[in-house]
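All chains should be built: construct the whole structure from the sequences, respecting the hints.
Chains A and B, in that order, give the protein sequences.
In terms of the working numbering, the first sequence opens at residue 1 and continues consecutively.
In terms of the working numbering, the second sequence opens at residue 133 and continues consecutively.
Worth flagging that the hints you see were computed from the coordinates, not collected in a lab.
Among the hints, erroneous ones may be present.
Within a straight-line C-alpha distance of at most 25 Å, the following computed DSS-like cross-link-like pairs (lysine-lysine) qualify [said to hold, decoys possible]:
| no. | chain 1 | residue 1 | chain 2 | residue 2 |
| --- | --- | --- | --- | --- |
| 1 | B | K590 | A | K85 |
| 2 | B | K630 | B | K666 |
| 3 | B | K468 | B | K535 |
| 4 | B | K495 | A | K33 |
| 5 | A | K64 | B | K590 |
Across the chosen pairs, the derived CB separations fall in these ranges [as the list claims (entries may be wrong)]:
| no. | chain 1 | residue 1 | chain 2 | residue 2 | range |
| --- | --- | --- | --- | --- | --- |
| 6 | A | R30 | B | G553 | 51 to 61 Å |
| 7 | B | A140 | A | Y86 | 24 to 34 Å |
| 8 | B | Y678 | A | G67 | 28 to 38 Å |
| 9 | A | R30 | B | S492 | 13 to 23 Å |
| 10 | A | T106 | B | E518 | 54 to 64 Å |
| 11 | B | P457 | A | R30 | 40 to 50 Å |
Glycine included, each C-beta is placed from N, C-alpha and C at the ideal position.
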Amino acid sequence: MKTVIAGAAVLSMLGVFAGKAHAADAALIRQGKAAFDYHCAACHGTTIVSGNRHLPGTEALIVKYQGKLPGALEERTNLSSELVKYFVRHGVSVMPFFRKTMVSDTELDAIAAYLSRNDHSGTDTHDSGRAQ
Amino acid sequence: MLPPGVSAEEFAAATAAFKEAVGEAHVYTSPEDVALYQDAYDVLWGLPGQRQVSAGVAPTSVEQVQKVVLAANRHRIPIYPISTGMDLGYGGSAPNLSGGVVLDLKLMNRIIEVDDKRHFAIVEPGVSYFDLYRHIQDRGLKVWIDGPDPGWGGPMGNSLDHGVGDTWGGYRDHFYSHCGMEVVLPNGELIRTGMGALPNAKTWAEYHYGVGPYVDGLFAQSGFGVVTKMGFHLFPAPEAYRSATVFAPKRLDLIPLVEQMNYLEHAGIIAQPQYGSPMRAVVNQAAVQAVLNNPAGWTDSEIDELAAEHQLASWSCQIQVFGSPETTLANLNYAKQRLQAAIPAATFKDGVFQRFPLTSEQKAQVPHKPSLGIPNLEAFRGRTPESPAPPDGHVWFSPVIPKNGESVLEAQRAFSDALRGVDLPTREGGNNPYTPFNAPSTWMFRAFVFLSGWPASKSNPQQNKQVYDIILKLIQVAADHGWGEYRTPPAFQDAVVKAYSFNNHALLRYQQLLKDATDPNGILSAGRYGLWPKHMRQLDGLWPAYLAKT
Chain A
1 MKTVIAGAAV LSMLGVFAGK AHAADAALIR QGKAAFDYHC AACHGTTIVS GNRHLPGTEA
61 LIVKYQGKLP GALEERTNLS SELVKYFVRH GVSVMPFFRK TMVSDTELDA IAAYLSRNDH
121 SGTDTHDSGR AQ
Chain B
133 MLPPGVSAEE FAAATAAFKE AVGEAHVYTS PEDVALYQDA YDVLWGLPGQ RQVSAGVAPT
193 SVEQVQKVVL AANRHRIPIY PISTGMDLGY GGSAPNLSGG VVLDLKLMNR IIEVDDKRHF
253 AIVEPGVSYF DLYRHIQDRG LKVWIDGPDP GWGGPMGNSL DHGVGDTWGG YRDHFYSHCG
313 MEVVLPNGEL IRTGMGALPN AKTWAEYHYG VGPYVDGLFA QSGFGVVTKM GFHLFPAPEA
373 YRSATVFAPK RLDLIPLVEQ MNYLEHAGII AQPQYGSPMR AVVNQAAVQA VLNNPAGWTD
433 SEIDELAAEH QLASWSCQIQ VFGSPETTLA NLNYAKQRLQ AAIPAATFKD GVFQRFPLTS
493 EQKAQVPHKP SLGIPNLEAF RGRTPESPAP PDGHVWFSPV IPKNGESVLE AQRAFSDALR
553 GVDLPTREGG NNPYTPFNAP STWMFRAFVF LSGWPASKSN PQQNKQVYDI ILKLIQVAAD
613 HGWGEYRTPP AFQDAVVKAY SFNNHALLRY QQLLKDATDP NGILSAGRYG LWPKHMRQLD
673 GLWPAYLAKT
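Below you can see the structure in the form of structure tokens.
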């Protein structure tokens, strides 16, 4: 009985922690969406590129992937947190690297959490991006 | 990396003082953090002259800036202030003097005031054009901003680099349209310029001069102080916009075209004229290149024949008008009448009519958003179907030429001749970027810029050297014709300033006199636009010794 109670308590605690972790993730992802809109969307937005509307980052990735992957980063399902952080701090092609006064580590954590929220590719995601 | 001439012990003491001033979290010394202060578009990337940084220091208040400046003086540390540091193509966030400490003002990002009745704003260095635009839009204020093509820079840094934009008249010259500064001097003292010198001033951002000598120009493209606040005149939000394009068939039609546009613009009838040549669309065709690459050069009649063969006009110019629906129509019709009288064969194509404010979708579909005061990043082109392997970055060559057709034609020929036979980067197929179809840029109100963009690479130092040599050559060609650059990356600032040599560099020597008196330790922005501190001027009393090799 004691074991059962203890087990139930552990499960309950795990549930609480899992709930808290989930809530924390959700909050981080919300922060990440806001930070993405502020820092990244002018180049990497999702809105359809048409007419006179240009999103240089999204357009470049559409050309790169030729339909095999979405051009919009928010629609990707294979971006790891590490990969997002790598590109922000190292740049790629015409995209420069960004100082920590431009995009802070806290903001970058949130952006990375947001863009990797649908990452189903496991841990080995570097190749798909580093090819850029 | 250490600043030149500074021992590891001294640098450690300085770093401790900087941490004391701004807090440990805002002093960046790790290699990975410091690397972020390099110029991502450095044309000398991978070459000996590539600018390196020893540390970044990011204050959040004027008092912290003063403490950093005083500490830099005590320890003789070269510091280099930046605002947003996004001046890519003209130097980015890296200092002229390799090993300097970047004084990063990005975290000072308050919008102090925006007044939409008297039409001005006062901002701190870290405010971007996007920030100011959002602030105005969120509050429904009836003013526009004038920004450059990329909106991630800010009003202060751009104007202090003599940056330019695309809306109406003098607003496009961002230093001209600034009004009032707050500056931390090299000795740590705080001044306010113009009316700001009056305690409790009520017109700091409206009347430029106050009384007595006007000193604001000292703080642009220079190292005379750290600007911490700045006022700007803003364009009252117009009611309507209307555009049309005039097409002029012959090459020499450019002369009356510019003359008429100058009249219309300088009289306040039209906004920015945007020149172009429809022949740009066919410039890379073999038959066209054959004419352009003739060792003897091209003739005007050959260019006219090419245009006629392609059934294209030699020139186009977009006419833009702001005002009410009625006045925009009247002004546009008046402009067309004058142009038709001056160029009888000219044709016109009506453009767009917009009433403001625009919806989000209307904003998204504006072809050139800076012309309507909308910040964006659309000028950047990464990978496109036409350019599947774009360069990592670019640098600009930006000579100022007179605002007439004759000078445009002369500049086309001068720069094209200079590059004929020169091994050119493969961008644009390795073709000469200067052709009879290059049009002038009209950001400045009273002069043209005859711009060319050149690739910069993080992986191809050989090409970087090639570009570096070409731009040095173009600077000399420009100087030989009486044209000077208005702005240039650190890699070329000494060469550009050397060309401004009237009366044995009398202007530079006067600037040095002021610099030595106000910054005796030479800590601020050493070498910015050729202004080196006294202890580094071994060559003719003007330049560092190492420049003898360049």
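Quick rundown of the hints versus the structure:
1. K590(B) to K85(A): holds (20 Å)
2. K630(B) to K666(B): holds (17 Å)
3. K468(B) to K535(B): holds (20 Å)
4. K495(B) to K33(A): holds (22 Å)
5. K64(A) to K590(B): Given that 25 Å is the threshold and the Cα spacing comes to 20 Å, the pair holds.
6. R30(A) to G553(B): 51 to 61 Å: holds (59 Å)
7. A140(B) to Y86(A): 24 to 34 Å: holds (31 Å)
8. Y678(B) to G67(A): 28 to 38 Å: Violated - the Cβ-Cβ distance for Y678(B) and G67(A), about 52 Å, lies outside 28 to 38 Å.
9. R30(A) to S492(B): 13 to 23 Å: The hinted range 13 to 23 Å holds for R30(A) and S492(B), with Cβ atoms some 22 Å apart.
10. T106(A) to E518(B): 54 to 64 Å: violated (39 Å)
11. P457(B) to R30(A): 40 to 50 Å: holds (43 Å)
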